[in-house]
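Let's have the full structure, built from the sequences with the hints guiding it.
So the chains spell out like this:
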Amino acid sequence: MNHTPYKDWLLSDDLLSAEQTKALQEHLRTCEVCQQLEPAWSDVHTLIQKTPLVQPIPGFTDRWQFRLIAHKMQKQRHLAWMLWGVCAGIALILLGIFSTQILEILDSPGSLILVWVSRLTGVLSLYWAAQNMLGAIVEYIPAITWFGMVLGIGMVSFLSVSWLAMVRRLTIARRLA
Amino acid sequence: MINLEPEVIQEAQKGDPEAFTQVVEAYQRPVFNLCYRMLGNPEDAEDAAQETFLRAYDHIRRYDQGRSFSTWLLSIAAHYCIDQLRKRRMTFLSIDTLPNLDIPDAGSGPEAAYHRHEDQQRIQTLLSSLGGQDRAAVVMYYWYDFSYEEIAESLSLTISAVKSRLHRARLSLAQTWVDQNAMKYSAERKHHESHAI
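Quick note, the sequences are listed as chains A and B, same order. To get my numbering, take the position in the first sequence, counting from 1, and add 2. To get my numbering, take the position in the second sequence, counting from 1, and add 1450.
One thing to keep in mind: the hints can contain errors.
[What the hints assert, rightly or not] Simulated DEER-style distance windows between Cβ atoms:
# : chain 1 : residue 1 : chain 2 : residue 2 : range
1 : B       : R1536     : A       : L85       : 29 to 39 Å
2 : A       : L94       : B       : S1614     : 22 to 32 Å
3 : A       : L97       : B       : R1512     : 38 to 48 Å
4 : A       : I59       : B       : H1509     : 22 to 32 Å
5 : A       : D10       : B       : Q1515     : 31 to 41 Å
Everything labelled a hint here was simulated from the structure, so no lab data went into it. C-beta: ideal position from N, C-alpha, C; glycine also.
Structure below.
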């Protein structure tokens, strides 16, 4: 037997129309499955309605506060372990990098010192060369050119800021309108 | 459902522990009830309710004031319980643990207490025949009077999915009831007026 709309109607919380009620009553006269379903759902519904909300045993909030403290401590411990892990990782990486250097130092310390001294002198000579070049440029360019450059940069900056301010003002006015 | 002052929730969002304690105080019963109906025993329900409040505490800054707080909180509880059910894949009721429950006193006397206890057992046995999401939908619909929209929001489902799950759950509950009371229904095959009529 086909129960399709009748089961839906039986289990629905909505009220049925007169036609639907009549059709359902006719179906119930002949269908044993729906005859059982109808009082069964009615009983279950009644049982749900008369079953109240259950509550936890007293002291729930206190227990929660203890648990919160434990939770925070666990988080701190977790963070500490993470930090320790990161530090240990960095230390391991550095150790890996320097282990080759250490081997080299142990192998021939004199040559390594020479390499590093030459690197340092190279950097220093680059710095001195740059300093000399800048000094020469400053001496070569006359004072009036410097003044003109500063004035030009100032003018361009002022115009840019004014343009930005104007654009912003115009946009805000439009938004308000 | 409980209506806590929005200021209390705002304070809790700012990190005030006192305000959050008020939230726990106010919502412990609905959260515990949902967890109990979902998991079937008071120990697991207590654990799940405590965990729900810890998760809410950790993520309360993400709560949108435009939404209902109870929907947001019960959504956390429902998702946690569904995960627990998936983990254990065992939803039957442990009857031995029921006496620890603090059931509100609706009447006095040992007989009334016995009937209340029986009803709780029956309900839990019925609910344990449902899947996690169907169970959550039934509890939210019948115990908390949540609308379809609220259930859909809480369980991350569409409204039509909620309606269909509720229909399926009612059918399953009624059939389980018939199976449990087979004697009664075979003896009493008489016509009743429909609940819907």
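Hints, one by one, checked against the model:
1. B:R1536 / A:L85: 29 to 39 Å: Hint holds: Cβ distance 34 Å, inside 29 to 39 Å.
2. A:L94 / B:S1614: 22 to 32 Å: Violated: the Cβ-Cβ distance is about 56 Å, outside 22 to 32 Å.
3. A:L97 / B:R1512: 38 to 48 Å: holds, 41 Å
4. A:I59 / B:H1509: 22 to 32 Å: holds, 27 Å
5. A:D10 / B:Q1515: 31 to 41 Å: holds, 39 Å
Hint compliance for this structure: hint 2 alone is broken.
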